[in-house]
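Chemist: Residue numbers (the working numbering), protein chains in the order written: chain A, 1 to 497; chain B, 1 to 497.
Derived from the structure by calculation, the hints contain no laboratory data.
Being a predicted model, the structure only gives us computed values, none of them experimental.
Do not rely on the hints blindly, as some may be mistaken.
Cut-off 30 angstroms, straight-line C-alpha distance, at most; resulting in silico cross-link-like pairs (DSBU-like, lysine-lysine) [unchecked claim]:
| no. | chain 1 | residue 1 | chain 2 | residue 2 |
| --- | --- | --- | --- | --- |
| 1 | B | K61 | B | K212 |
| 2 | B | K378 | B | K230 |
| 3 | A | K475 | A | K494 |
| 4 | A | K129 | A | K61 |
| 5 | A | K378 | B | K378 |
| 6 | B | K16 | A | K61 |
| 7 | A | K30 | B | K199 |
| 8 | A | K61 | A | K16 |
| 9 | B | K424 | B | K475 |
| 10 | A | K16 | B | K475 |
| 11 | B | K61 | A | K129 |
| 12 | A | K332 | A | K230 |
| 13 | B | K227 | B | K212 |
| 14 | B | K378 | A | K30 |
| 15 | B | K378 | A | K61 |
There are 2 protein chains.
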Amino acid sequence: MARKDKVRRPRAETPKGFRDYFGAEVTQRKAMLDAIAHVYHLYGFEALESSAVETVEALGKFLPDVDRPNAGVFAFREAGPEETEADGDWLALRYDLTAPLARVYAQHRNDLPTPYRRYAMGPVWRNEKPGPGRFRQFYQCDADTVGTASVAADAEICAMLADTLEAVGIERGDYVVRVNNRKVLNGVMEVAGLSGDDKEAERGIVLRAIDKLDRLGVEGVRALLGKGRKDESGDFTEGAGLDEAQADAVMAFMDARRDTGAATCGRLRDIVTDSATGLEGVSELEQIASLLEAQGYGPDRIVIDPSVVRGLGYYTGPVYEADLTFEITDEKGGPRQFGSVAGGGRYDDLVTRFTGQAVPATGVSIGVDRLLAALIAKGRVDRTAVGPVVVTVMDRDRMADYQSICATLRQAGIRAEVYLGNPKNFGNQLKYADRRGSPAAVIQGTDEAARGVVQVKDLILGARLAQDATLDEWKENPSQTEVALDDLVPFLRKLLG
Amino acid sequence: MARKDKVRRPRAETPKGFRDYFGAEVTQRKAMLDAIAHVYHLYGFEALESSAVETVEALGKFLPDVDRPNAGVFAFREAGPEETEADGDWLALRYDLTAPLARVYAQHRNDLPTPYRRYAMGPVWRNEKPGPGRFRQFYQCDADTVGTASVAADAEICAMLADTLEAVGIERGDYVVRVNNRKVLNGVMEVAGLSGDDKEAERGIVLRAIDKLDRLGVEGVRALLGKGRKDESGDFTEGAGLDEAQADAVMAFMDARRDTGAATCGRLRDIVTDSATGLEGVSELEQIASLLEAQGYGPDRIVIDPSVVRGLGYYTGPVYEADLTFEITDEKGGPRQFGSVAGGGRYDDLVTRFTGQAVPATGVSIGVDRLLAALIAKGRVDRTAVGPVVVTVMDRDRMADYQSICATLRQAGIRAEVYLGNPKNFGNQLKYADRRGSPAAVIQGTDEAARGVVQVKDLILGARLAQDATLDEWKENPSQTEVALDDLVPFLRKLLG
Chain A
1 MARKDKVRRP RAETPKGFRD YFGAEVTQRK AMLDAIAHVY HLYGFEALES
51 SAVETVEALG KFLPDVDRPN AGVFAFREAG PEETEADGDW LALRYDLTAP
101 LARVYAQHRN DLPTPYRRYA MGPVWRNEKP GPGRFRQFYQ CDADTVGTAS
151 VAADAEICAM LADTLEAVGI ERGDYVVRVN NRKVLNGVME VAGLSGDDKE
201 AERGIVLRAI DKLDRLGVEG VRALLGKGRK DESGDFTEGA GLDEAQADAV
251 MAFMDARRDT GAATCGRLRD IVTDSATGLE GVSELEQIAS LLEAQGYGPD
301 RIVIDPSVVR GLGYYTGPVY EADLTFEITD EKGGPRQFGS VAGGGRYDDL
351 VTRFTGQAVP ATGVSIGVDR LLAALIAKGR VDRTAVGPVV VTVMDRDRMA
401 DYQSICATLR QAGIRAEVYL GNPKNFGNQL KYADRRGSPA AVIQGTDEAA
451 RGVVQVKDLI LGARLAQDAT LDEWKENPSQ TEVALDDLVP FLRKLLG
Chain B
1 MARKDKVRRP RAETPKGFRD YFGAEVTQRK AMLDAIAHVY HLYGFEALES
51 SAVETVEALG KFLPDVDRPN AGVFAFREAG PEETEADGDW LALRYDLTAP
101 LARVYAQHRN DLPTPYRRYA MGPVWRNEKP GPGRFRQFYQ CDADTVGTAS
151 VAADAEICAM LADTLEAVGI ERGDYVVRVN NRKVLNGVME VAGLSGDDKE
201 AERGIVLRAI DKLDRLGVEG VRALLGKGRK DESGDFTEGA GLDEAQADAV
251 MAFMDARRDT GAATCGRLRD IVTDSATGLE GVSELEQIAS LLEAQGYGPD
301 RIVIDPSVVR GLGYYTGPVY EADLTFEITD EKGGPRQFGS VAGGGRYDDL
351 VTRFTGQAVP ATGVSIGVDR LLAALIAKGR VDRTAVGPVV VTVMDRDRMA
401 DYQSICATLR QAGIRAEVYL GNPKNFGNQL KYADRRGSPA AVIQGTDEAA
451 RGVVQVKDLI LGARLAQDAT LDEWKENPSQ TEVALDDLVP FLRKLLG
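If we strip away everything but chain A, and leave its shape as in the complex, we get (with noise of 0.2 angstroms):
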């Protein structure tokens, strides 16, 4: 194909696992973080932008995909002092933002007040392998307290989370934000005898195998905390080992919902009641939801819910997640609930890496493409970017009219725009501003200028006559009006609704 002595050109490609975000794309993800900023802003956070690159010590080891061997940063090494290579930090992207905020409130404690709420919004990169709609850098939204082992700060967070659904379109029956403990969690593996240093396998296969109730049912989790399990591909996953008493305490806890936060609280009293931790965690969890119940959150709004994991190893409290209810329709075309947006928990041991003091904290994460899939799906998007009002080039030399006649329309606050191609022929005018998604073009020749008019071509209209006109409406050519220049701005005002 390609000659020997051909140029080598660079390939005009993003790197595998990144893409680029075009007009709307951008606007419509500006629009839902500002509204979610301005939530958060109520709540007394304030915004924090750390930089994207962190020393590598500085962000630890805490990727949340312990399952994917090739979970990982991108990482390079900064040239020394010396300026040799060897002498250098290795820097790295963030991966999230919970490790820069922590590596933040250490470094910068002593001017921040306590507690401290901020929130934060932006890129975060992951070396892993990319996939189908799995991209290596996408858009995080976070909110977090940090300072305080209050649980008014847990349940302050999923009272903000459901506010924060319901301002960004998500109506109220559309999501639930469940909440659990990883205390009562640790009471249950205490009781089930999987307590010590030398399980933490086993911990780690039951805590996976309980976040995945909702794919493999009771049966596959049974399979998982016991033997193990063999998936319709015939593929082996080991299980945890458990006899039948301690898969049955398992079972029991993640079958311990009940219809009110006090019952559920009361069930899990029951389950944990040989294990101080768990009945700790109960009681945060009876205090989270007295808390929210007397601020009218609901089980409408917010429940909890045993069967919530998160996955994170560094969660040593509550744990919170948002699921939107309603379904989509899945790859294979059938009916699945849209699922997780947002989910958190509580941390307590990130600042404490660096300081060796203990700071407790708390904090949620949206997980943004997510959010803003689901409010297009349920249609809450503005999807109708208007493009600008096109002037077309009737005359090469009458640019700076051209110019004028734009300036007048965006003086009024209209969108506008003069063609800048090669004016010559007519038709890929119509066209750009076709392509331009525009709602009307304006066109003035040397016979409209001396008159002092222009002709207005709504093309919005004239779209929908090219495809159902009668002939006798195209011949009335309803879509194109002349107009004085003075009544440009009114005519286009009332044009574009």
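Place chain B on chain A using the hints.
Modeler: Below, chain B alone, put in the same frame as chain A:
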């Protein structure tokens, strides 16, 4: 200091040359960028957010600071298909928003309108030696028109730049957009006998000399055009080695600015009369000047100014720069003009790298940090960021009530939060409210709760009284008021003004 057996803790530090942005620093910048995006959008520009990571080959070597030996990108090698490092592409963080635009346009040109007007805003990264006020991650904010050779596109961007500066709060008279043309400059080089391929070094010295006119004055530039120049510290900068006649031509060019664009262009025409390229450049400047004048952008806003060079090597036609003309106090306490906050020009070859086809383009980049600093210097940024109303905790068991008070305030659009630290010491709660910049603290003990009232402490008035008040004023305690819970929203609305 540190004991040998001490746990090795990670340092809580940003990498050198990186920094964090807190609260108002984030929201002030965001407000400015929103105002800029609004103008760009009105002009028909579409948002684009390209990936932060590009292949090194796509980025190319167009870094602006060619003088600096350490200038560079943050690059890292991708794991190859076999996951051996050796196989992978070299990737890098983008160092500006123009190189990615060229890649995006080349990659997606069949799906994009032509001309393609796009804006982009976001961080870029430079692997440079950090210095005071010089960071390795900073924001840029660009607007470009790709796919048209018409200088109407250049004129449009200059007009938009003027509108943008006024939209963010720079008053007319406090800025000027200066326009020049590289073709005129090339014509001057030709006339001065510096047009051959073997004269690239000399041309570079001449360009940099012209760029330093503000700083070095006529004599200094003249020295750099000739044998060279010794600065105050005794350091010698080599000159371009021009003879008298050659240097005269360059100096005449720099001195060509007249009162009107037309007069300046007339003078330039005389100087480059023997260069076809130069004459073409003058003719383009004339078109730009007349387009802008016809639209009412007089020399109080946009001027033709031959001393504008713009450092980047890739410019091929019109170049432009926005300078803020008001004075600020420099490091030595003397007055100096604020200077450049934006610049750009026409670059017709960046897309050609990828496609081999000519794709003319022109665009501007705003220095976000500098423009924000200017707005702050001019008092154009709302710096009275109001902290939240703080609801104090008098009774730990009534946390739900305090949260409910907050919820009521938020529903009324009033920013509010409950104190979530240890409530034992009430003084600490008020200190916290102070640190948060709270306008008011709400206090409700058991007695107030029983009577359905709260105490509101006006912290702004309180702070003023603490400085000025007489003893009698203090005794009256006018900064604290008892308010019925039902009246709290209107009371706070009034207090917040």
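Chemist: Is the straight-line distance between the alpha-carbon of A:K129 and that of A:K61 30 angstroms or less?
Modeler: holds (18 angstroms)
Chemist: Quickly compare the C-alpha distance for B:K61 and B:K212 to 30 angstroms and report which way the hint goes.
Modeler: holds (24 angstroms)
Chemist: So if I understand the rule, the pair passes when the alpha-carbon distance is 30 angstroms or less; does A:K16 with B:K475 pass?
Modeler: Given pair A:K16, B:K475 is violated - Cα atoms ~70 angstroms apart, limit 30 angstroms.
Chemist: Given the hinted pair A:K30 and B:K199, is their alpha-carbon gap at most 30 angstroms?
Modeler: violated (49 angstroms)
Chemist: Need the status of pair B:K424, B:K475: alpha-carbon distance at most 30 angstroms?
Modeler: holds (26 angstroms)
Chemist: Check the hint pairing A:K378 with B:K378 against an upper bound of 30 angstroms on the C-alpha distance.
Modeler: With a Cα-Cα distance of about 45 angstroms, the restraint between A:K378 and B:K378 is violated, given a limit of 30 angstroms.
Chemist: Does A:K16 lie within 30 angstroms of A:K61 when you go C-alpha to C-alpha?
Modeler: holds (24 angstroms)
Chemist: Regarding the pair B:K61 and A:K129, is the alpha-carbon distance no greater than 30 angstroms?
Modeler: holds (28 angstroms)
Chemist: Hey, B:K378 versus A:K30, does the alpha-carbon distance stay inside 30 angstroms?
Modeler: Holds: B:K378 and A:K30 sit about 28 angstroms apart, inside 30 angstroms.
Chemist: Run the distance test for B:K378 versus B:K230: straight-line Cα separation, threshold 30 angstroms.
Modeler: violated (37 angstroms)
Chemist: Run the distance test for B:K227 versus B:K212: straight-line Cα separation, threshold 30 angstroms.
Modeler: holds (16 angstroms)
Chemist: Run the distance test for B:K16 versus A:K61: straight-line Cα separation, threshold 30 angstroms.
Modeler: Holds, because 21 angstroms separates the two Cα atoms, which is no more than 30 angstroms.
In this structure, the hints that do not hold are numbers 2, 5, 7, 10 and 15, in rising order.
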